[in-house]
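Student: Given next are the chains, with one letter for each unit.
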Amino acid sequence: MHEEALLKDIRQKLIEESTRASPAQIARVRLWIGALSHLSEDQLRLQWPTVVDGTPAQSAELDVTTSRDTTNPRAQGLVLMSIDVTEPGRSPARTGPRL
Amino acid sequence: MSVRTIAVDYLARVEGEGSLRVRVHDGRVDDVELQIFEPPRFFEAFLRGRRYSEAPDITARICGICPVAYQMSSVHAMEQVLGLRVGGQLRALRRLLYCGEWIESHALHVYLLHTPDFLGYPDAVQLAKDDPDTVRRGLALKKAGNALMALLGGREIHPINVRVGGFYRVPSREELDQIRPTLESALDIAEETVHFAAGLPFPEADEDYEFVALQHPEEYAMNEGEIVSNRGLRIPVARYDEEFERAPVGYTHALQSVRKGGTPYLLGAMARYSLNHGQLTPRAKAVAHEVGLEPLVRNPFRSIVVRAVEMVFACEEALRIIAQYDPPSDPWIAPPDPIPAGVGAAATEAPRGLLFHRYRLAPGGQIESAEIIAPTAQNQKRIEEDVRHVVERSLALDDAALTGMCERTIRNHDPCISCATHFLRLDVERT
Numbered sequence: 001m002h003e004e005a006l007l008k009d010i011r012q013k014l015i016e017e018s019t020r021a022s023p024a025q026i027a028r029v030r031l032w033i034g035a036l037s038h039l040s041e042d043q044l045r046l047q048w049p050t051v052v053d054g055t056p057a058q059s060a061e062l063d064v065t066t067s068r069d070t071t072n073p074r075a076q077g078l079v080l081m082s083i084d085v086t087e088p089g090r091s092p093a094r095t096g097p098r099l
Numbered sequence: 001m002s003v004r005t006i007a008v009d010y011l012a013r014v015e016g017e018g019s020l021r022v023r024v025h026d027g028r029v030d031d032v033e034l035q036i037f038e039p040p041r042f043f044e045a046f047l048r049g050r051r052y053s054e055a056p057d058i059t060a061r062i063c064g065i066c067p068v069a070y071q072m073s074s075v076h077a078m079e080q081v082l083g084l085r086v087g088g089q090l091r092a093l094r095r096l097l098y099c100g101e102w103i104e105s106h107a108l109h110v111y112l113l114h115t116p117d118f119l120g121y122p123d124a125v126q127l128a129k130d131d132p133d134t135v136r137r138g139l140a141l142k143k144a145g146n147a148l149m150a151l152l153g154g155r156e157i158h159p160i161n162v163r164v165g166g167f168y169r170v171p172s173r174e175e176l177d178q179i180r181p182t183l184e185s186a187l188d189i190a191e192e193t194v195h196f197a198a199g200l201p202f203p204e205a206d207e208d209y210e211f212v213a214l215q216h217p218e219e220y221a222m223n224e225g226e227i228v229s230n231r232g233l234r235i236p237v238a239r240y241d242e243e244f245e246r247a248p249v250g251y252t253h254a255l256q257s258v259r260k261g262g263t264p265y266l267l268g269a270m271a272r273y274s275l276n277h278g279q280l281t282p283r284a285k286a287v288a289h290e291v292g293l294e295p296l297v298r299n300p301f302r303s304i305v306v307r308a309v310e311m312v313f314a315c316e317e318a319l320r321i322i323a324q325y326d327p328p329s330d331p332w333i334a335p336p337d338p339i340p341a342g343v344g345a346a347a348t349e350a351p352r353g354l355l356f357h358r359y360r361l362a363p364g365g366q367i368e369s370a371e372i373i374a375p376t377a378q379n380q381k382r383i384e385e386d387v388r389h390v391v392e393r394s395l396a397l398d399d400a401a402l403t404g405m406c407e408r409t410i411r412n413h414d415p416c417i418s419c420a421t422h423f424l425r426l427d428v429e430r431t
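Those protein sequences? They're chains A and B, same order as listed.
First residue of the first sequence: 1, per the working numbering; consecutive thereafter.
First residue of the second sequence: 1, per the working numbering; consecutive thereafter.
To be clear, the hints were calculated from the coordinates, so they are not data collected in a lab.
Every value quoted in this text rests on a predicted model; they were computed, and no experiment measured them.
Do not rely on the hints blindly, as some may be mistaken.
If the Cβ cut is set under 7 angstroms, some of the chain B residues that face chain A in the computed set are [as the list claims (entries may be wrong)]:
hint, residue
1, Arg4
2, Ile6
3, Ala7
4, Val8
5, Tyr10
6, Leu11
7, Gly278
8, Gln279
9, Val428
All residues carry an ideal CB built from backbone N, CA and C; glycine is no exception.
Using the sequences and the hints given, assemble the complete structure.
Tutor: Here's what the structure looks like:
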């Protein structure tokens, strides 16, 4: 039942990250749903357009990974793993968090 | 144009379910919007098609702090349809259970949420580092309330022993006797709490509230009574719709309630105290008098003292009920067979104020419709008025200080969202 509040927090983080990166438009957002988070991909996708409307992520593709690992220390959480930003004059680079 | 991937690795947090937007123009507050963006939870829809007997267990899940309130309003509404009259010791046990909830809920708010505001701490954890005894008093009271909930309800949170017609199991005389020392100690702590709370530094405020609460001819109302106000309202609960209305507004997910005609009103401890203080128990009345708490409290910051007085009342009332307890022969009154169709409406006094339930049952006991009107939603419009007045008085403050003052103003009314200590995102538009 807290999915909207969680997504608003993600939205704030997306705005911060895009501002820090030049500012830039966000092309892709990768979210990770913990096995014990009581969230589902459907819930997030349903609310996603409203949450990112008017932000640099409003046209972004959304990738969602749903974990089944109940022993993961973040199993109760929703994690913003990474974003792809489009910006002029930068060479592609890619890193990702360990979960 | 290139694409770069940024590892963010950020764990989302629920920072709270509320925000506040204030528009200030030429030094005047034009608009105040308290936004609650916890999404609709659809409990009224879940209930459709379920058996009448499931309502107390389903609705208890609406709140982890005040599940008893939801159970009580639902069972009273159902019993109205079924024609059941629960009296005597079963009625007293329900009141005893409600005392437990008032104690634990008020202790949580007074000590863990409200006190840090007055003493300049961000939360109770920080307060506990410097003043562990104060926080311990709060925890002891909460434990006493929880013990009552566990004994009568089967567990502290989301009790499972309440049913339409009574209980699944009633306690023995010995079980209730065992909890007496805990409650006697809690009563002393609650009295101490009144003195402590009355000594806190209170910002000036004087709000012209329309207080609304239940009133009962023989007792400080909890489970039953007429709906009354300090502006002459007096109606049976079944006529709630004739005097109150609620409607969606664009900026919040909660339906906003007003009196017919559009004026806001206030529920909760301040309303109950101001309307029913003559029916408080002797020690509650005496300690309120000792600390100079006037019969009509209009400064919302002083609501902390009122809640402390209600804790004294709840401990005293619980001990009275236990002293007079005579275990009933049956833990419940069986429903009629077959279950009739009909509409039942009931309101009880949740710690945060009047909680209204209405159900329509089909023949056989299936729920056709349910309506639940929670106190925080009813108070929301009035809280906005409080915030407006505080902002008007505090326009010289910077946004950070103003945010703190607005948070305190909202927390005065113990809204359901207050458990997020820093729940508030404040947007001030100054033009």
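Student: Please go over all the hints and tell whether each is borne out by the structure.
Tutor: Against the structure, the hints:
This hint holds: arginine 4/B has a C-beta 5 angstroms from the nearest C-beta of chain A, less than the 7 angstroms allowed. Taking 7 angstroms as the C-beta cut-off, the interface hint given for isoleucine 6/B holds, the closest approach to chain A being about 5 angstroms. Taking 7 angstroms as the C-beta cut-off, the interface hint given for alanine 7/B holds, the closest approach to chain A being about 4 angstroms. At a threshold of 7 angstroms, the smallest CB-CB gap from valine 8/B to chain A is about 5 angstroms, leaving the interface hint in force.
Interface hint status for tyrosine 10/B: upheld, as the beta-carbon distance to the closest one in chain A is roughly 4 angstroms, under 7 angstroms. Given the 7 angstroms rule on beta carbons, the hint for leucine 11/B holds: about 5 angstroms separates it from the nearest Cβ of chain A. Look at glycine 278/B: its Cβ only gets to about 41 angstroms from chain A, farther than 7 angstroms, so that hint breaks. The interface hint given for glutamine 279/B is violated, since its Cβ lies 37 angstroms from the closest Cβ of chain A, which is over the 7 angstroms cut-off.
The interface hint given for valine 428/B is broken, as the beta carbon of that residue sits about 18 angstroms from the closest beta carbon of chain A, more than 7 angstroms.
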